[in-house]
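Sequences listed follow chains A and B, in order.
Here the working numbering is used: position 187 in the first sequence is 187, and no number is missing along the way.
Here the working numbering is used: position 225 in the second sequence is 524, and no number is missing along the way.
Errors might be hidden in some of the hints.
As the list claims (entries may be wrong) - A few chain B residues facing chain A, derived, Cβ under 10 Å:
#, residue
1, Asp475
2, Tyr476
3, Cys483
4, Val494
Just so you know, the hints here were simulated from the structure itself, not pulled from any lab data.
Ideal Cβ placement from N, Cα and C applies to all residues, glycine included.
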Amino acid sequence: MDKTVIVSQDDPKVANLTSSSVRPGANYVEVDHVSIGYRSRKTGIYKDAVVDLSFDIRRGEFVVIIGTSGCGKTTFLEAVAGLIPVSKGQIRLGGKPIRGPGPERSLVFQSPSLFPWRNVRDNVLFALQAQHKLNAETRQRADDLLELVGLQGVMDSFPHELSGGMKQRVNLARALVTRPELLLLDEPFGALDAQTRGVMQHELVNVWQAADLGEARNALFITHDVEEAVYLADRILVFSKAPASLAADIAIDLPRPRLPEHKRSSEYILYQDRVLNELYTASGGASSGLEPAPKGVSE
Amino acid sequence: MSIAPPDERFSVDNSEGEPTEPAWMTWGRSHSKVVYGSFGVAVVLIAWQLTAWLGLVNVTISSDPIRIIRAEISLFSSGQIWGPLGATAQEVGWGMLITLVVSIPLGLILGRVTALYDMTEPIINVLNSVPYVLFLPVIIFWFGIGEQSRILLVIWAATMPLIINTTAGVRNMNPDYLRVAKMCCAGRWTFYRSVLFPATLPYILTGVRLSIARALVGAIVAEFFLSGGGLGYFVQTATSNFDMDSAMAGIFIMAVAAVVLTRLIGRMERNFTHWSQG
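Construct the entire structure; sequences and hints are all you get.
Next comes the structure, spelled out in structure tokens:
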């Protein structure tokens, strides 16, 4: 079981991150016949959200899970985060079953969920404070991270003074400041306008590729946006409609660094079409109202 | 834009952005509530004074603003008022201190633990609905007519609104805050101190404001029944002695204290919870 959290900048493992796509590596996340369900509090009826899911994630992979809205992908992410239990099967992290949230995982929430009574810097520091890791070095790291995500001017501002995109940057910085091994992102850019979303995707790629500040070596990203998925992923997992099961597993063999202008290139478009087709089949064709389109899926 | 209208009022040079206005107008605009409020008070006081001067009412029964001011001066210069004022302040002070220390943590816990909340909700609702003055004879029977009974009544009066507000605040907290705390692996103490308490603070301060108002009433009622000093007792004795000027002066002091305390809490609400209005 590998628990190394701190990796120095010139570590070959980190350098590896900037090279391309899927490569052989030890399994880090093992999803073993997992079903997740919940019981309605009112009616008491049990409903499956995720059924018999099995796959592995290797170290260093940026994995994107894509599926239609309400298919159970967020539920699955919450189970990996340790916020909800699985009903059947097991999710293992570095060989150990997940029993709850842990300091080696961070979640970038769908809504920024910042504490409105704390300013930007203190919101990021909360993650450190909660894990008793607050010291001069980590404070400096928080400032560096905020600078990396372009928030150097607003560190003392309060969340209600920020735009949606800026709030999500703080959300991202808060997740990265504890040096997680596994970064979980739950449709973090879903609520942003198209332009901001594009900028944020690019910045996430930058942070990911920089890796010397954000040492999350594994990322699990949830989205329903095909273009976003292809742009970010080493590997895309397509979830079927609810209850979710694994419909397709597509390796995205595109070189890094990736740049926004690549999104229009033929390779990207081909991948997008392929993912879109899988998504279309997986979600049961016309019943979902989803039609194959040249780019992106709208909500 | 480039064509100047003929009317003089429109030919103001707007190149600097906004038009200017005299300082007193700006002040009046931003303090219009204070201006109108003071005006209303002044109208009432002047009317009162006039009816007294014109002999429409008997000043020995109703007193008048000028006689109240004279009484106020003599009460303070003779030092006669400090005793009652201090006694009431002490009752309210101790009562509120105990109320804050007990009710806020209790409210936070009741809000978090659903089983405890469900257990205590009916009791708290009943205790809050029954007029607390009704418990006074029982309190006297149990604890006598000393200061502790007066403080107890203050606590009894003040504690329920604070518990209820704090609990409501916790139960209305954005569930995302809890998820963030969980994901960050925050311990229970960190969660209560750094998440739950600040998230609930707007509700808590509203509760404190209600509590203080009720604490003052509780203290005065206690002094009426458990004569032993305090402003309530002072006003009561002054009235019995047909010293209406002193009685009114005592009421006026109470009014000022109430306004000052409420304003103080209002200021705290604005300073500590500026984020919740945004």
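Hint by hint, which ones does the structure fall short of? Those not satisfied: there are none.
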